[in-house]
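> Here the protein sequences come in this chain order: A and B.
Using the working numbering, the first residue of the first sequence is number 761, and each one after it goes up by one.
Using the working numbering, the first residue of the second sequence is number 106, and each one after it goes up by one.
Just to be clear, a hint being listed does not mean it is correct.
Stated by the list, open to error - If you want the footprint, here are the derived chain A segments under chain B, 3+ residues with CB under 8 Å: (1) 824-838; (2) 856-862.
Unchecked claim - According to the in silico footprint, chain A covers these stretches of chain B (three or more CB under 8 Å from chain A): (3) 201-211; (4) 323-333.
Stated by the list, open to error - With a cut-off of at most 20 Å between alpha-carbon atoms, the simulated SDA-like pairs for lysine to any residue come out as follows: (5) B:K332 <-> A:S864; (6) B:K332 <-> A:L851; (7) B:K288 <-> B:L231; (8) B:K218 <-> A:M828; (9) B:K288 <-> B:P273; (10) B:K332 <-> A:M828.
If you are wondering where the hints come from, they were derived from the structure by calculation, not from laboratory data.
C-beta: ideal position from N, C-alpha, C; glycine also.
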Amino acid sequence: MLSILSSVALAFALAAPPSQDAPVGQDGAIVEDSRSEAAGTTSDTVAAQERPGVISGLPRRAPEPRTMAAYWPVFLVLSVTWIGFVGYMLLLGRRSSRLARSISDTGAER
Amino acid sequence: MNDLAQTDLAALESVRRWANGLMVVGGISVLVALWLVFFYAPTEREMGVIQRIFYIHVPTAWLGELAIGILALCSLGYLWLRDDRLDAIAVSAAELALVFLSATLVAGPLWAKVAWGTWWEWEARLSFTLVLWFINIGYFMLRGATESPEQGKRFAAVLALVAAADIPLIHMSVYWFRTLHPKPVVLNPEGPTADAEIVRTLLFSTLAFTLVFAGLLLHRYGYERLKRHVAGLRHMRDDRDSHLASPETVYR
Chain A
761 MLSILSSVAL AFALAAPPSQ DAPVGQDGAI VEDSRSEAAG TTSDTVAAQE
811 RPGVISGLPR RAPEPRTMAA YWPVFLVLSV TWIGFVGYML LLGRRSSRLA
861 RSISDTGAER
Chain B
106 MNDLAQTDLA ALESVRRWAN GLMVVGGISV LVALWLVFFY APTEREMGVI
156 QRIFYIHVPT AWLGELAIGI LALCSLGYLW LRDDRLDAIA VSAAELALVF
206 LSATLVAGPL WAKVAWGTWW EWEARLSFTL VLWFINIGYF MLRGATESPE
256 QGKRFAAVLA LVAAADIPLI HMSVYWFRTL HPKPVVLNPE GPTADAEIVR
306 TLLFSTLAFT LVFAGLLLHR YGYERLKRHV AGLRHMRDDR DSHLASPETV
356 YR
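Throw the hints in and build the complete structure from the sequences for me.
Okay, here's the thing in structure tokens:
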């Protein structure tokens with residue numbers, strides 16, 4: 761019993777997601793927590809922020825999501841919109857072919 | 106078939122060729138627009154990824170309203186000149202308005218659910234757009250509800266003018282009422298307030314959808330004209346047959 765409980769606990773521990781506390785940089789990389797740095801390094805941090813190519817930890821734009829899961833509403837809207845448009849095009853094509861058939865029938869009746 | 110009918114059919118063939126060309130160019134432009142939406146436009150800071158719905162929602166809304174504008178202008182022309190071609194353009198534009206407004210009203214709530222946390226809110230812009238959609242449905246109901254087709258066309262043309270009066274309300278609602286919709290980010294007096302990449306992607310996407318819209322409108326117009334042409338020929342044939350079969354004709 762104890763071994764089952766311990767194995768379940770171990771499984772949960774292994775499956776737990778990594779800590780989300782660390783801020784995310786502009787390119788999606790985890791930025792090191794500057795709070796652990798010594799308080800006396802403020803001038804170094806400001807200098808680093810001013811240097812081009814150094815991640816400041818304050819992204820100007822939202823970071824790109826790491827998976828496509830966040831895109832589901834966009835894909836859903838695209839799908840629904842295009843199913844509607846293509847459906848309308850098919851409907852128009854069907855009506856046109858029905859009209860063409862009726863024209864040829866009228867011609868045959870003559 | 107007389108010369109006029111031959112000319113009409115030649116014009117319709119030209120319309121069909123233009124429609125096909127516009128559809129092909131529009132289809133390619135839509136593919137480029139999709140690439141821009143996913144790989145060129147930046148992720149917006151506050152809403153994140155779902156802001157990309159903007160590049161579909163705004164063009165469909167704009168084209169729905171453009172279609173209503175075309176419908177109203179042609180209806181006004183029809184009421185004045187009684188030209189059947191204007192009514193054919195009007196009914197084609199009304200059908201496309203229904204398609205594009207429906208796309209807007211489907212895409213909007215999907216965005217709203219993620220951005221605002223609710224599918225629907227009875228705020229001014231949404232309510233006026235829904236009213237426009239209902240008037241658009243009413244246009245088709247009215248055309249079919251009268252005994253005389255000519256009367257149906259006239260009544261529907263008047264309703265189209267009422268629909269057009271709703272468009273300024275939709276546009277000005279963000280200024281006149283407290284709404285959840287933001288104020289315009291492109292067409293505002295101070296110039297675009299969004300990033301240049303966002304504005305470029307939106308404009309290109311709008312152009313691509315407009316080309317598809319123009320192609321569909323021409324296709325629908327060609328179909329409508331051909332349908333009326335065939336109906337006219339049938340009517341003439343039926344008249345002739347009934348005339349030949351009448352006792353008076355037999356007696357003569």
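> Of all the hints given earlier, name the ones this structure violates by number, lowest first.
Per hint list: single violation, 10.
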